[in-house]
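Peer 1: Chains R and W supply the protein sequences, listed in that same order. Position in the first sequence (first residue = 1) + 1318 = the numbering used here. Position in the second sequence (first residue = 1) + 1318 = the numbering used here.
Worth double-checking, as some hints may not be accurate.
No copy is singled out in the list; a pair is fine if it fits within one copy or between any two copies.
Below, in silico cross-link-like pairs of lysine to aspartate or glutamate (DMTMM-like), each with a Cα-Cα straight-line distance of 20 Å or less [claimed, not checked]: (1) Lys1541 x Asp1491; (2) Lys1766 x Asp1754; (3) Lys1733 x Glu1757; (4) Lys1766 x Asp1502; (5) Lys1568 x Glu1428; (6) Lys1723 x Glu1687; (7) Lys1725 x Glu1686; (8) Lys1384 x Asp1763; (9) Lys1660 x Asp1717; (10) Lys1660 x Asp1716; (11) Lys1541 x Asp1446.
In short, the hints are calculated from the structure, not lab data. Just so we're clear, the structure is a prediction, and the values are computed from it rather than from any experiment.
Number of protein chains: 2
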Amino acid sequence: MPDSNPSQNAVSPVTSGFLDRLAGILNPGQILSSKAQREAYAWDNTGIRAIPDCVVLAQSSTEVAKVLRLCNEMAVPVIPRGAGTGNVGGALAAYGGVVLSTQRMNKIVEIANNDRLAVVEPGVINGDLQTALSGYGLFWPPDPSSSRSCTIGGNIAMCAAGPGAVRFGVTRDWVLGLQAVLADGTVINTGGRTSKGVVGYDLTRLLIGSEGTLAVVTQATLKLAPKPQARRLSRAVFSSVQDATKAVAKLMTVGSPPSAIEFLDGASLNLLRNESDLLIHEDGCAMLLLEVAGTAADVESQAQEVNSCIATFSPLEQTPPVGIEEAQEVWAARYELSPILKKLAPKRVNEDVVVPVSKLNLLIEGVEEIATEIDIPIINFGHAGNGNIHVNLLVDPDDPVIMAKVKPALGRIFKLVLQLGGSLSGEHGVGTQKRDYIEWEVGDDSLKLQRNIKGVFDPKGIMNPGKIFPNV
Amino acid sequence: MPDSNPSQNAVSPVTSGFLDRLAGILNPGQILSSKAQREAYAWDNTGIRAIPDCVVLAQSSTEVAKVLRLCNEMAVPVIPRGAGTGNVGGALAAYGGVVLSTQRMNKIVEIANNDRLAVVEPGVINGDLQTALSGYGLFWPPDPSSSRSCTIGGNIAMCAAGPGAVRFGVTRDWVLGLQAVLADGTVINTGGRTSKGVVGYDLTRLLIGSEGTLAVVTQATLKLAPKPQARRLSRAVFSSVQDATKAVAKLMTVGSPPSAIEFLDGASLNLLRNESDLLIHEDGCAMLLLEVAGTAADVESQAQEVNSCIATFSPLEQTPPVGIEEAQEVWAARYELSPILKKLAPKRVNEDVVVPVSKLNLLIEGVEEIATEIDIPIINFGHAGNGNIHVNLLVDPDDPVIMAKVKPALGRIFKLVLQLGGSLSGEHGVGTQKRDYIEWEVGDDSLKLQRNIKGVFDPKGIMNPGKIFPNV
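Build the full structure now, drawing on both the sequences and the hints.
Peer 2: Encoded structure:
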């Protein structure tokens, strides 16, 4: 876990010769090189700071191609960056180089409502796109919690998701095609404007989730869905994680699966009992927050089906489904938890592991055991329908004594996740934060293959070096 | 379009030395080398015949690895083959070599209904899996028309789909992870058992649709969906393709999109008027066959919503929605069309192009123009909700005079498809049949990149040579 920029102690690849040539490609306002300017691009959601050697504000795919060609020629690392809302250091110049910001490439190029697609530049904010689409009765399903500030380019780079993934899937399911620039400046187009297409290899999906290590996405054709007209929300409290887990597994087999199944573990509920005014059943060890979405005509029957299903798993408490206007109250536990965590441990370690739904209770049990052993509070909550749990260790990562205990504990948690048939990340990605663990999950042979694929796209290794892959 | 096996005129790579070493790996019954035995693997759905030099019936991933290692060492081409139901020659030894059949690897390894997943070997028949799943109230959505005989391995190799894709998506949306063997015998695992996962590159999707040119899939973990409890079917006839197209575009924005929107053009309707007893409105130039699927509770309201939507686009005729027991009658046009085509032109040329939904009418108009010019009947029908149209040229591909006219006409159709923002194949793939055209769609730079990716997986080029990529 690098927490500073090692290149600041080494010779910077961004020489005055490089900056001179950059000035020949871009306007002066597009090149940020003062310390104050560069510091504005030194952060993301990890709390790590890494000041880039230079920041470039590209305005078109042609400019991106020119910048990459120059960087490739002069072996200067390039770190593509959207809004900096990532959780694994993916958009940080942790090893020096040029941050290539797409924030000025923020045009919604086209909304073709009859073809249920939109063409956007990578710097478009997720929430701005949703606003533009709502007039057409459409939406783009990926809904990370940062949707008001994160960019579509960032969503694509990390294959972002959110609570809605349980019903609608993740970013890879909602992109039809991409325009992307390779390290040597070559512009390619992948996929297209149709919802089917099997001509050649699936480069679209290969780029989605590749964290800026293969290419820079300069335009995306997004698949859209009809926006649900209505929602119904409810809540249930269980005496054991096992009951909640069984209910989740059963819910995933009903005719119309819920549009969100959020989970809070016993530690989360204890925290809410201590730090908020919420009344939660004293024997409650797990809470499910449920949402269904659909047409006004069918949302009522969906909600009833979900509630009937829940009732068969002996909940201690269960609310009737309510409309979106009462959501704040029914889902209060989820809304109040994050601010409490931020107050108690502003720089807490948050790992977004994922296990098969039927193994959720074993994951929580195992994590509780580790928490007790190392005497550090661990709070687990997340997107239960996907088995995607945010494991929050309430520690200060800047405290070396604590972190000496945390690192081996994390290793044990990751091993448990893999034993249960899970994955180390459901939606945050690898970046710098999990690269030391990736081999545990994918294995040596696959990792070698992936390195070789990167070599095809980026022979000189200038694209976001130090991300995804461990040092060799 | 190769229609014989060129290697039969050249020196076969399958030497007696190779066969001797193969006999050291497998039991005698797993190696088929007599002409009669090899002829049984010489066909697919294209009508082309290509007799392999040898057929291997592998029984495990270990055996697949041993065979590939040997073939790689001795530079013997390997053609992976499922049930031979493909439409583009993908499973044919068109350039000689060993056909590696997965038909004996037909175990359903696991059905984990609580995790909505199944683990299968590649030789499992799609329909057999559906039968096994139906007891759990689950299904695997990919539904190619060959589902009663095609294999899951073949579905994965070609990224198969069918009418249900309009609602449920295609094979790439329903695979969680793969076990696959690379050309050198290395076994890798991709993805996993969870519905989310963003650790490393998306090798799962890279392998899906790669037509056996990168690796042999030896096990697949499939994502399952709740099986719809009920269906409602209806039919509408329009006086113009444009009206039908507009109705399709609108239908794709309703709350619950139909589970099938099948289209028949004016030429299809004329054929049915002449060759069947069906009564079709005399002014009808386009027919839509519609299906909705869901719970018993919501299927009625879905069907009403679809029918109300259709009614606003001035259909000449419109049936009320009926249950599955009356489907045969309501959808008779679709069921009767294929046998008529088979009778009139048993080896007809069938191209499964795809265009954005809003461009369907321009595609049909353009194809009609070409049909008139070359004086060859062309019948268009298919999966309208995806814009995926089967363009059927009623010709005998063995007639060189006719084919001299057909080949340039196909080129014109493909150019039209690409001008309209479409793709040359929605579900059949490239194989040998469209490899001369792939560059038109993906471009020179992407094709070069794809060749280099293949080089990473298969440096010696033994995996299904001559498929997807044009000769250089």
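Peer 1: Each hint should be assessed against the structure and marked as holding or not.
Peer 2: Taking the hints in turn, this is what the structure says about them:
no.	hint	in the structure
1	Lys1541 x Asp1491	both (8 Å within a copy, 14 Å between copies)
2	Lys1766 x Asp1754	within (14 Å within a copy, 32 Å between copies)
3	Lys1733 x Glu1757	within (12 Å within a copy, 45 Å between copies)
4	Lys1766 x Asp1502	between (22 Å within a copy, 14 Å between copies)
5	Lys1568 x Glu1428	between (41 Å within a copy, 18 Å between copies)
6	Lys1723 x Glu1687	within (14 Å within a copy, 74 Å between copies)
7	Lys1725 x Glu1686	within (16 Å within a copy, 67 Å between copies)
8	Lys1384 x Asp1763	between (35 Å within a copy, 17 Å between copies)
9	Lys1660 x Asp1717	within (17 Å within a copy, 75 Å between copies)
10	Lys1660 x Asp1716	within (15 Å within a copy, 73 Å between copies)
11	Lys1541 x Asp1446	within (16 Å within a copy, 32 Å between copies)
Consistency with the previously given hints is maintained throughout, with no hint failing.
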